[in-house]
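Chemist: Here are the chains, one letter per residue:
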Amino acid sequence: MNQIVAIARNTFLETIRDRILNAILVFAVLLIVASILLGQLSAGQDIKIIKDLGLASVSFFGVVIAIFVGTSLVHKELDKRTVFVVLTKPVNRARFLVGKLLGLMTTLTMLTILMGLAYLGLLVFLGVPVEVGLFQAIMFSWLELIVLTTMTLLFSTFSSPVLSMLYAFAMYFYGHNAQTFKLLAQKAAPGLRELLLGAYYVVLPNLTHFDIKNRVVYGYTAGFEQVGLAIAYSLVYSLGLFCVAAVIFHKREF
Amino acid sequence: MMDDWIVEAVGLTKVYTSFPRKRVTTLDNVSFKVRRGETFGLLGPNGAGKTTSQKLFLGLLRPSSGSVRVLGGEPDDPEVRARVGFLPENPYFYTYLTGREFLEFCAALFDMRGAAKHQRIDELLMLVGMSSAAETQLRRYSKGMLQRIGIAQALINDPELIFLDEPTSGLDPLGHKQIGRIIKTLKAEGKTLFFNSHIMVDVEELCDQVAILHKGRLVASGTVGALTGDGRESLEDVFVRTIEEAEAIGR
Chain A
1 MNQIVAIARN TFLETIRDRI LNAILVFAVL LIVASILLGQ LSAGQDIKII
51 KDLGLASVSF FGVVIAIFVG TSLVHKELDK RTVFVVLTKP VNRARFLVGK
101 LLGLMTTLTM LTILMGLAYL GLLVFLGVPV EVGLFQAIMF SWLELIVLTT
151 MTLLFSTFSS PVLSMLYAFA MYFYGHNAQT FKLLAQKAAP GLRELLLGAY
201 YVVLPNLTHF DIKNRVVYGY TAGFEQVGLA IAYSLVYSLG LFCVAAVIFH
251 KREF
Chain B
1001 MMDDWIVEAV GLTKVYTSFP RKRVTTLDNV SFKVRRGETF GLLGPNGAGK
1051 TTSQKLFLGL LRPSSGSVRV LGGEPDDPEV RARVGFLPEN PYFYTYLTGR
1101 EFLEFCAALF DMRGAAKHQR IDELLMLVGM SSAAETQLRR YSKGMLQRIG
1151 IAQALINDPE LIFLDEPTSG LDPLGHKQIG RIIKTLKAEG KTLFFNSHIM
1201 VDVEELCDQV AILHKGRLVA SGTVGALTGD GRESLEDVFV RTIEEAEAIG
1251 R
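Going down the list, the sequences are from chains A and B. For the first sequence, the working numbering begins at 1 and goes up steadily by one. For the second sequence, the working numbering begins at 1001 and goes up steadily by one.
Keep in mind the hints are simulated off the structure, nothing from the lab. Just to be clear, a hint being listed does not mean it is correct.
Here are some of the chain A residues that sit facing chain B, going by a computed Cβ distance under 8 Å [claimed, not checked]:
(1) T82
(2) V85
(3) L87
(4) H250
(5) E253
Keep in mind it's a predicted model, so treat the numbers as computed, not measured. Glycine is no exception: its CB is placed at the ideal position from the N, C-alpha and C atoms.
Let the hints inform the model, and build the full structure from the sequences given.
Modeler: Here you go:
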């Protein structure tokens, strides 16, 4: 446990001391503020726009940071040969990955809280009512980040940062349109195509479980069952991705 | 009395295969042994297979054929690793950490805690002459300082066997001297040292046994005295002659 904590702490320090991350964070907070102010100026002064743009910014920047930082997580260790120092000590390779993942998740959790506070604080400041649904939407974005971070960690165990980033963004866009594949599978004639489309739907990430942003701006609140499903899907799917990453990393030579 | 072999390589071969069917043999049927307490130098020109050998002894690579035993066990066995230290070539550590933070991180990987951990770190900082730079971030360290903090991390667990990959290459004369002094201290403490180098003066001064690799093959091995005819020839001359002979017969 001491080892995992040490690796996680080291990864956390590495990511928060990274200047690029600070730049993205400042940009994110500025954009959240700008989007809300812009919403105020828009015709009809619709509260929905203010809520919607801010939430989208919180989610979008979380995704960008998870993918940008996550894809270089393992590669950087290889490139700088720091991995030699760690893996020649009595450190189990899976524990190394757990540490890296927990370190980055700690950073992302902190950033989500900061961006969320900036967003909600501004809403309160502007006198916009803050409903439970808004908190839920931010929590769901965080659950999505767990899946994306584990996925980028998996890609980074066998691929270059640029390719990992492409894979991760592709999966992100697929994940938000997963229902389309389900519909296609249902409409396809029985046979190979139906099987393949069905398999895609099951194996690839379904990120629509975490997307309640468009509804909460209309005052929607997710029920207990939906929250439970989102948590369970995030944890189980991430665990599956992590197991594949651990097997690949265990077999890897340096 | 039975020999106490601490590193054993038998028929060690490493072949890299890449697409479509390209095979590159970086080590070819190499066998040698290192005794406890010895300082062993693995020599060879660039690309001879020295780093590949060390990576096989450290479990970072797996042999294509042949076998490796370190401290009587498998190199990737955590119990073996707990007794081994390693300084990589041109080490690039976590640059945003201070020297002390970096050693604390390494100590945590060995599950070291509390007062014993802090005492060990202070001892090592003293040994490598880095106490005054302990609170400075590694990105501000010179190459010699990085090498010295690298030796400190390799010794954090008080290892029986220490692998050093090109420990003196690229250092200025002062840095070179300091590293040499640390290695001599370790030797005097009875540690087994295994180092890769192509700096003959260092090897001649520090090593008991040497092996010369050329294009992945072992072309000579023995005590420094035996190879140099008890000093009649310099190790550098022996090395150059051996490599030229190996080239001439096409090995």
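Chemist: Compare the structure with each hint and give your call.
Modeler: Here's how the hints hold up against the structure:
Residue-level restraint check for T82(A) holds (minimum Cβ-Cβ distance to chain B is 6 Å; threshold 8 Å). Given hint, V85(A) at the interface with chain B, holds; its Cβ is 6 Å from that chain's nearest Cβ, closer than 8 Å. With a least beta-carbon distance of about 7 Å to chain B, the hint placing L87(A) at the interface is held under the 8 Å criterion. The closest approach between the C-beta of H250(A) and any C-beta of chain B is roughly 10 Å, which is over the 8 Å cut-off, so the hint fails.
A cut of 8 Å between beta carbons decides the hint on E253(A): the least distance to chain B is about 5 Å, and the hint holds.
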